[in-house]
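Asks: Residues in the sequence shown are numbered consecutively from -13, following my numbering.
Treat each hint with caution, since some may be false.
[Claimed, not checked] Only pairs whose alpha carbons sit at most 35 Å apart, straight line, appear in this in silico DSBU-like list of lysine-lysine:
1) Lys324 <-> Lys60
2) Lys503 <-> Lys60
3) Lys234 <-> Lys324
[Stated by the list, open to error] Derived Cβ-Cβ restraints for the label pairs, each shown as a range:
4) Val686 <-> Pro619: 46 to 52 Å
5) Arg196 <-> Leu488: 51 to 57 Å
6) Ala323 <-> Arg261: 37 to 43 Å
7) Ala649 <-> Leu488: 18 to 24 Å
8) Trp408 <-> Phe180: 27 to 33 Å
9) Leu399 <-> Arg132: 28 to 34 Å
10) Phe180 <-> Gly34: 44 to 50 Å
11) Leu92 <-> Ser174: 25 to 31 Å
12) Phe180 <-> Glu650: 39 to 45 Å
Bear in mind the hints are in silico, worked out from the structure with no lab data behind them. The C-beta atom is built at its ideal place from N, Cα and C for all residues, glycine as well.
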Amino acid sequence: MSRATLGWIVLSWVGFALLPWYGFERSASPTIADYFVSGSALVHGMRGAWWLLPILVPLGMALVPVLRPSHGQKGNWLVASGLLGLALIVLQGFAIGLNGWTLDILRGLFGEPGPSQAGMGYGAALTSAALLIVLCHGLAARGWCRGDAFITSSIGAVVALIIVFVFFPVSTILASAFADNSGNFAPSEFIAKFMDRSIWGLDCLTSNLRCGVAWNTLFLGLLVAFGTTALGLAFALIATRTEFRYKKLLRVMSVLPIITPPFVIGLALILLFGRSGALSNLLWEWFGVPRSRWIYGLPGVFIAQLLAFTPIAFLVFIGVVQGISPTLEEASQTLRAKSWTTFWTVTLPLMRPGLANAFLLGFVESLADFGNPLVLAGNYEVLSTKIFFAVVGAQQDQGRAAVLSIILLAFTLGAFWMQHTWLGKKVYTTVTGKGDAGIPLPLPQRVALASYFTAIPWAVFTLAVYAIIVVGAFVRSMGRDYTPTFEHFLTAFRVERTEWGLHFSGSAWDSFFATVKVAALSAPLTAAIGLLTAYLLTRQRFAGQRSFEFGTLLSFAIPGTVVGVSYILAFNVPPIEITGTGFILVMCFVFRNMPVGVRSGIATLSQIDKSLDEASLTLGARSSTTMRRVVLPLLRPAIVASLVYSFVRAMTAVSAVIFLVTAEYNMATTYIVGRVEAGEFGLAIAYSTALILVMLLAIVAIQLMVGERRLGRRSASAAPSPVAVQAVP
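Use the sequences and the hints to build the structure in full.
Replies: Below, the structure written as structure tokens:
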């Protein structure tokens, strides 16, 4: 019996016998009795909650290998105790609710209303987690994953988290697609809603009428995916393969849009290109170009999404381009291939994991985007806004929202399948354990020019958009009164000195502190779970791996509004009752943003030779040690990408959290949305400017803490200069 297994068995008993089984204590000054013994499952069971006492059976079964160390069936006992314990906890949790029995069959057998119980608490969470790990250790003892307890436990933990915080809430709302208004199973309702002409109509091909919302969404998604992939690749090539003097500034400009709160890019584009926009006024006054509303519709949404999602492609590409071995390119040129031929036949094919993952993320992000279409779409309808209005509109048709969400999932699944088909089973390994003294080759002239002509104009345009944002924060009213003022910042972030000390009296401080707290908690969790998942997907082989990989994309593919509603429906009642806590916001952000860490990690790990892991394991290191000492240092680009994205998205997300915020946890984005709805654009932009500054500082801090990956390669400047050889007698 290993110490780790014994420790988890002890923790399962601690959760059952000592910690409170029900509820998460929210008291400002809890006592020891609030946390220990008085509310444990053992005490509740002895006081009448008889349905908790059967859990003692699997807890006792887990002790058999401890009491009989020579027992030859240790793995079987651990597996049996883990499975039985988890089954009993899930069964009693879903069978008994606040108002008694939750299943009709139980009401018929035992009568109404039956016993009642609240949502699970710290004790239930610890006992469930410990039993899950005990189960995984038992599977390892039976030979699963070559007997590696770390790998089996990692797979089990990630699968359990995805089931609880992705499949469970999403299935809760998607089930309503097959039900009528009374909640009864009605497949005919689903077919009627699914085949609606407003979804699949093609009238735009034969008349002036609009096409269905599904085709609009698909077309926009493909445009954005191609555009963000091209722009992200151009920025990454300039940042890693050129001597461009201002590439650090270009790198900052490429990442700026990702740290912009929602609606702000849309507002900036309106202030630039709207009928009263700054650029529209200049074109009218100087060239007589009439003002128009062209920014509202497909062009406006397309531009806004390019601004918003190009940084994601760049973050994926930067590690992929850095990981390409210059030795392979030098070998091509040694065989007298031209620089363009080398790039086209060697460099670009090795970027395929990055191309595929960047395209997939751009496509999925476009489909799920809510803020930009809400501001700029006009008459160009997309699925995300249709879902939002189906949920919160006058009709409140939850079934229609679920049907539209299923269509989005189908599009995502199709893109996921196409990505796997395109990548195939080819090998893209470029980082090995062998020495690599190759010098990164300069880009072919035509590739360099294409990258410059693509990235630099876009960076200048991005700079113009942000200039509008900054100006809007320091004037009274953008487009009307350009008098300089600090009024907006003082309203939001006023600090007064009182006899008791500093008083943060600004209206935005509460939401600011809550947002930073939630983002700081969710970012490392998101990166850890995402990169661990990427490691399991690329380095391990297990049953259901493809389904597991798609499960990691599920919450990313569904619009945030649907995710928010699904969390309310799933976690507002027992057995998991966490609505109104900060924990639900953290978990929502973790599993909403985790796919970026997964895709970035997969793209980077595809270049790292598995022989590095195998060499570490051959030398006697455990999988956990190999992960920490060998793999993680090579994953630094993916770690930075995951941390930056998850922190920034937690600071700027709106659609997923608009249903989850409370008075205590009022996020910055909901504050901004409220100011926009009230017409206080200056205050909204001022708050957004402050958030942008905070996130820039956070990105720099993350980069300094994680550092850069060192591959032991020479740079062009480090190449040895030729020296004269003198004969020695």
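Asks: Just to be sure I understand the hint, the distance between the Cβ atoms of Leu399 and Arg132 should be within 28 to 34 Å; is that true here?
Replies: 31 Å, holds
Asks: How does the Cβ-Cβ distance of Trp408 and Phe180 compare with 27 to 33 Å: does it lie in that range?
Replies: 29 Å, holds
Asks: A range of 46 to 52 Å was offered for this pair. Does it hold for the Cβ distance of Val686 and Pro619?
Replies: 21 Å, violated
Asks: Range first: 25 to 31 Å. Now tell me if the beta carbons of Leu92 and Ser174 are that far apart.
Replies: 30 Å, holds
Asks: Given the range 51 to 57 Å, decide if the beta-carbon distance of Arg196 to Leu488 lies inside it.
Replies: Since Arg196 and Leu488 have Cβ atoms about 55 Å apart, the given range 51 to 57 Å holds.
Asks: Verify the proposed pairing of Lys234 with Lys324, using a straight-line Cα cut of 35 Å.
Replies: 29 Å, holds
Asks: Tell me if the straight-line CA distance from Lys324 to Lys60 falls inside 35 Å.
Replies: Violated, because 63 Å separates the two Cα atoms, which is more than 35 Å.
Asks: I want to verify a distance hint. Is the separation of the beta carbons of Ala323 and Arg261 within 37 to 43 Å?
Replies: At roughly 54 Å between Cβ atoms, Arg261 and Ala323 fall outside 37 to 43 Å, so the hint is violated.
Asks: Taking the CB of Ala649 and the CB of Leu488, does the distance hold inside 18 to 24 Å?
Replies: 23 Å, holds
Asks: Is the hinted range of 44 to 50 Å satisfied by the C-beta distance from Phe180 to Gly34?
Replies: 48 Å, holds
Asks: Against the 35 Å threshold, does the CA-CA distance of Lys503 and Lys60 hold or violate the hint?
Replies: Not satisfied, since the Cα-Cα distance of roughly 43 Å exceeds 35 Å.
Asks: Honestly, do Phe180 and Glu650 meet the 39 to 45 Å range at C-beta?
Replies: For Phe180 and Glu650 the Cβ distance comes to about 40 Å; the hint holds.
Hint check: violations occur at hints 1, 2, 4 and 6; the rest are consistent with the structure.
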